[in-house]
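Protein chains: 4
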Amino acid sequence: MLNVGVIGSSGYTGEKLIEILLGHPEVRITYVSRKNASAASIAEIFPKFKTRIDLVCGPTDVKSAIGKCDLAFLALPHTASMEIVPELLKAKIRVIDLSADYRLKDARSYELFYGVKHGDKKHIKDAVYGLPELYRNKIKDAQLIANPGCYPSCAILALAPAIALDLADLGSVIIDAKSGVTGAGKKLNEAMLFSEINEDCKAYKVNVHQHIPEINQVLSALASKKANVTFVPHLLPINQGMLETIYFSKRNSRKHSGGLIGAYKRFYKNEPFIRIKEKGQFPRIKDVCGTNFCDIGIYEEGDKAIIIAAIDNLMKGASASAVQNMNIMYGFSETEALL
Amino acid sequence: MLNVGVIGSSGYTGEKLIEILLGHPEVRITYVSRKNASAASIAEIFPKFKTRIDLVCGPTDVKSAIGKCDLAFLALPHTASMEIVPELLKAKIRVIDLSADYRLKDARSYELFYGVKHGDKKHIKDAVYGLPELYRNKIKDAQLIANPGCYPSCAILALAPAIALDLADLGSVIIDAKSGVTGAGKKLNEAMLFSEINEDCKAYKVNVHQHIPEINQVLSALASKKANVTFVPHLLPINQGMLETIYFSKRNSRKHSGGLIGAYKRFYKNEPFIRIKEKGQFPRIKDVCGTNFCDIGIYEEGDKAIIIAAIDNLMKGASASAVQNMNIMYGFSETEALL
Amino acid sequence: MLNVGVIGSSGYTGEKLIEILLGHPEVRITYVSRKNASAASIAEIFPKFKTRIDLVCGPTDVKSAIGKCDLAFLALPHTASMEIVPELLKAKIRVIDLSADYRLKDARSYELFYGVKHGDKKHIKDAVYGLPELYRNKIKDAQLIANPGCYPSCAILALAPAIALDLADLGSVIIDAKSGVTGAGKKLNEAMLFSEINEDCKAYKVNVHQHIPEINQVLSALASKKANVTFVPHLLPINQGMLETIYFSKRNSRKHSGGLIGAYKRFYKNEPFIRIKEKGQFPRIKDVCGTNFCDIGIYEEGDKAIIIAAIDNLMKGASASAVQNMNIMYGFSETEALL
Amino acid sequence: MLNVGVIGSSGYTGEKLIEILLGHPEVRITYVSRKNASAASIAEIFPKFKTRIDLVCGPTDVKSAIGKCDLAFLALPHTASMEIVPELLKAKIRVIDLSADYRLKDARSYELFYGVKHGDKKHIKDAVYGLPELYRNKIKDAQLIANPGCYPSCAILALAPAIALDLADLGSVIIDAKSGVTGAGKKLNEAMLFSEINEDCKAYKVNVHQHIPEINQVLSALASKKANVTFVPHLLPINQGMLETIYFSKRNSRKHSGGLIGAYKRFYKNEPFIRIKEKGQFPRIKDVCGTNFCDIGIYEEGDKAIIIAAIDNLMKGASASAVQNMNIMYGFSETEALL
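If you read the protein sequences in the order shown, they are chains A, B, C and D. First residue of the first sequence: 473, per my numbering; consecutive thereafter. First residue of the second sequence: 473, per my numbering; consecutive thereafter. First residue of the third sequence: 473, per my numbering; consecutive thereafter. First residue of the fourth sequence: 473, per my numbering; consecutive thereafter.
In case anyone wonders, no lab produced these hints; they're calculated from the structure. Among these hints, one or two may not hold up.
One copy or any two copies: either way a pair holds, since identical chains are not told apart in the list.
With a Cα cut of at most 30 Å, we get these calculated DSSO-like pairs of lysine-lysine [what the hints assert, rightly or not]:
hint : residue 1 : residue 2
1    : K677      : K776
2    : K741      : K776
3    : K722      : K522
4    : K722      : K698
5    : K507      : K677
6    : K737      : K776
Can you build the whole structure from these sequences, using the hints too?
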């Protein structure tokens with residue numbers, strides 16, 4: 473049995489991690505913690521877990537975590553992760569960090585988009601970007617996983633085949649993203665009150681969202697040239713789930729038999745969690761909600777391509793993909809606890 | 473033109489008051505204010521009102537309000553009203569208070585249920601309980617209206633005929649109430665986040681809600697004996713609207729031809745905002761949402777009676793009933809701006 | 473491996489059965505069917521199951537089902553089950569029927585409340601009412617399980633201790649029930665359109681719902697006298713989940729130490745899916761949604777008792793409880809695939 | 473008093489027309505009808521209108537309508553309007569048609585996108601496209617108004633200044649639209665059930681929606697060259713409201729001081745229902761819901777432009793804009809009953 477800790481277990485991704493890990497036969501949750509709060513049992517914090525887990529959740533104590541875990545999931549807001557990662561790594565604890573702290577290789581970009589100094593630049597280069605479909609081999613041996621953001625997970629999975637195979641005009645990429653509210657975390661913010669979100673839809677952080685450099689970083693690497701996508705996120709009045717409608721101009725389309733759909737199917741042919749829709753079929757959030765799947769539908773006509781992808785922001789966009797990474801790191805079946 | 477002020481205009485009831493009053497031909501909003509915040513135009517606070525009203529909303533300044541208004545609506549949390557009512561009354565400003573501060577005639581009951589001292593006991597006795605269907609004549613000449621709470625408005629309208637006509641066993645009354653979230657005001661509270669409310673329903677303040685003494689006070693007066701209703705409120709994942717399902721044992725039912733439905737129709741026969749359903753028909757929130765109506769449906773079988781009533785908690789349960797009171801106080805058509 | 477069929481797999485309970493059974497290590501789904509429709513793969517009907525199950529779903533063919541299954545789940549509307557149960561039983565197929573067809577021991581009551589003739593009165597007496605918490609021993613050896621309705625599951629679990637221990641005045645029981653829309657099945661009905669349900673709440677079938685005789689039947693048996701509960705169901709604008717707020721007058725309360733909460737805890741002390749809340753705590757739908765749990769909260773003051781219970785109508789109220797019954801019938805761990 | 477009829481009053485746009493017209497001081501509803509149904513009072517069809525309007529609504533009888541109205545609103549599905557428009561026009565009844573039947577000047581395009589023959593090609597050329605902000609002068613004297621579709625209303629208002637002033641590369645226009653469910657009308661369709669829409673979001677009719685030729689027709693006229701926009705509509709789990717996020721490459725931007733925002737403000741400077749947001753501000757559905765406003769926010773950076781517009785699909789996208797057209801046609805204040 474692998475001993476795992478969930479550091480930052482009072483938010484949505486922490487809650488979801490506990491839920492998934494409780495169903496994993498090779499894993500035991502041995503440590504939980506949360507910030508800024510007195511100790512309470514997990515069942516007090518989340519009555520839904522009553523009778524299912526019996527652990528006390530107090531303020532994070534890194535030494536205690538080190539004594540109790542082989543692997544630590546960090547379900548923390550940005551900046552909180554980099555405060556404890558160095559100590560965990562030094563103690564040979566493997567870390568899957570769900571925050572943004574180690575995703576961007578360029579610390580200046582991090583500092584620009586997140587508006588804070590980066591306090592652990594040293595470990596940035598060691599972090600492996602935890603998207604299994606692209607980086608499975610590096611994930612296997614990583615000590616530190618930078619688990620992708622939810623918008624980037626969906627966008628990169630939807631664009632990777634087209635970009636990697638040079639089928640898209642990189643400069644033309646427009647991502648119109650729609651997300652459920654848990655994507656923003658459990659924040660006390662008037663804009664997140666039920667009566668503000670319900671019966672509404674709005675764009676926010678129009679083309680300035682902090683996930684943009686993360687998407688550009690991965691697409692640039694795939695394309696071997698600098699990406700600069702247009703990205704507009706919108707808030708949906710739903711709890712979980714994300715849909716991205718992506719527009720680009722096609723390139724080299726004659727080279728690929730079966731069009732984009734054929735190319736995408738070949739690219740992802742061994743992936744257990746990617747499902748490419750047939751022509752004329754498009755994904756919906758409901759079909760992936762509560763799962764680790766990414767469903768992708770494709771429209772193409774002349775030079776126009778439209779890729780529509782759906783994931784559950786808390787699952788493939790956060791906690792389930794973190795567990796998928798753990799499965800890869802420890803040689804468990806990659807779909808364990810996820811199917 | 474009547475000059476009116478909306479003191480506390482940044483909450484849901486203040487917003488709704490502005491919306492209704494903008495459509496009232498005999499009224500001009502001349503003063504708005506809010507607590508604890510720097511001055512901003514109403515259009516900045518509520519972009520929906522842009523181009524419709526051009527007033528600056530700063531911290532409440534009672535002297536300024538007195539200089540600008542004939543009538544002040546107080547859309548304030550409890551305790552905030554009683555801090556300014558004495559000064560307003562002294563200056564001969566008529567006041568419609570939407571808070572709970574002047575509803576309970578027994579200050580001890582107020583202090584018990586609201587957990588604070590009452591700071592203006594002197595004016596409690598002068599306040600008229602602003603339910604037009606029961607107290608229209610007193611409202612006409614009132615200086616200070618205690619506008620009813622949303623749960624009590626619905627419960628009292630649903631029970632008044634049965635209690636006043638001695639058709640109900642007062643001790644048997646059970647009120648199972650369901651309310652949209654705006655009933656709780658615009659509070660920064662984790663329990664009110666979209667992701668907490670959406671796809672959920674729960675009871676709260678089970679039989680200890682602060683609206684219980686208000687309901688009991690009015691029913692006791694109607695019955696000329698002490699009421700002690702059972703009351704359980706529930707939170708619905710909707711913005712506006714309230715449904716109450718009320719159970720009681722019948723009394724004296726032979727005396728009334730047409731049963732309860734007949735008795736209710738006669739009781740409310742001249743009321744413009746009360747609609748009694750035919751046998752087998754029951755109200756729904758959607759039919760009253762955005763209106764000042766209270767729809768009432770009645771089931772009776774043997775000794776059992778079930779009364780189901782629906783109102784919009786922000787309209788008949790707060791701001792629209794306040795405007796109805798204003799219409800009565802100033803001799804305007806009672807339905808002006810409300811139909 | 474147990475071979476199971478899901479007959480009627482295109483509705484909500486069929487879909488949920490497939491989802492749960494796919495995670496059950498001792499079971500293989502070998503037959504699926506649906507009514508009135510041409511054959512299609514499960515993945516075409518439910519894109520969410522693509523890559524997870526590869527079966528063709530055509531019109532029900534009982535002979536084919538008999539050849540392929542040891543156990544058949546019937547996720548059918550009422551009257552459809554009784555048309556095929558005799559043939560299945562004759563072929564020694566064990567049956568878990570999620571319809572109402574075999575729940576009521578009194579065929580006249582069935583015919584009165586469902587408005588149709590009962591076509592298989594012969595097997596009514598053989599059917600075991602599939603509520604494990606009350607009838608686990610009979611379930612073990614049953615050939616035919618009448619799986620309880622969702623409202624009755626919740627109501628009976630919430631009332632059983634009080635009634636069985638004679639702590640409630642049976643004549644005073646009032647059940648105010650609130651359910652998500654999947655409780656009504658996937659029916660093409662204008663009243664079930666999104667725009668009709670959303671932002672609304674209403675009562676329906678006020679005290680005449682067909683689940684009333686089912687509740688009365690079980691409570692009467694527990695009390696050894698005739699029950700006649702008052703029952704008003706309401707429709708909530710949520711997909712899944714049910715909350716019942718139940719009112720009664722207490723009896724014999726001095727006899728039980730720890731009050732109702734103590735009595736309920738003792739009554740259910742070995743039940744893996746019943747959780748009794750501490751004093752002052754009440755359940756919410758969110759905590760049981762997607763689970764087989766029934767959470768119960770209790771208020772008592774003088775003679776008044778209020779029991780609030782929550783289940784997921786598709787899980788503990790239908791498909792998960794059906795799997796719990798299967799686990800009992802075949803000696804699997806009772807919580808397999810359910811925790 | 474103007475006598476108006478609402479033909480097709482049982483759908484969402486008919487209901488909304490009645491609601492708005494009941495508040496219009498210069499108008500009297502004298503005729504209502506619906507298809508395929510026996511006669512019933514409006515209050516039976518819509519209990520919300522009980523005590524507010526007393527008319528019987530039976531199957532449409534054109535002669536009766538002609539006898540009772542000066543103006544007929546047709547809130548009908550496409551093809552139903554063109555069956556009765558000729559007779560109405562012949563009788564000198566002015567018509568505001570909310571269906572798609574007279575919007576497209578090219579009947580072949582209509583037949584291609586709507587999949588039916590056009591039965592009244594003769595009157596197509598007489599119809600005035602009822603978008604007041606562009607065609608106010610023609611509307612004034614029109615006998616037949618083709619009231620715009622909801623998606624086109626929003627898209628055209630959001631694009632008109634940029635296209636008319638040659639500030640946009642017409643070939644680059646991409647419209648990502650999100651609409652509440654009432655946009656699709658009150659259809660009995662499994663996909664529109666609450667449990668299908670709630671907690672979901674999906675694209676549909678990807679780049680093949682029947683509103684595309686309508687948008688292209690108007691933009692082509694403004695640009696004096698052929699438009700061919702990319703258009704992907706999405707369904708939001710809300711009742712009312714629409715948001716469109718529109719992407720294009722800028723042209724000639726140096727020519728306009730104040731950038732796009734300045735150009736848009738000047739273009740719409742006298743429009744009572746268009747509100748242009750300041751830089752960095754974007755619209756939300758909630759601010760326009762229940763109103764005739766179109767709120768527009770603009771992002772521009774280098775060559776990239778993003779225009780975000782919000783309307784209420786039933787108001788500015790249908791019934792309120794129809795009333796605005798009526799106000800223009802009869803010389804009423806243009807904002808009567810709409811502000």
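Hint by hint, here is what the structure shows:
1. K677 x K776: This pair counts as both: shortest intra-copy Cα distance 26 Å, inter-copy 15 Å.
2. K741 x K776: Classified as within; 24 Å inside a copy, 36 Å across copies.
3. K722 x K522: between (52 Å within a copy, 28 Å between copies)
4. K722 x K698: Both. Shortest intra-copy (17 Å) and inter-copy (22 Å) distances satisfy the 30 Å Cα cut-off.
5. K507 x K677: both (27 Å within a copy, 29 Å between copies)
6. K737 x K776: within (19 Å within a copy, 32 Å between copies)
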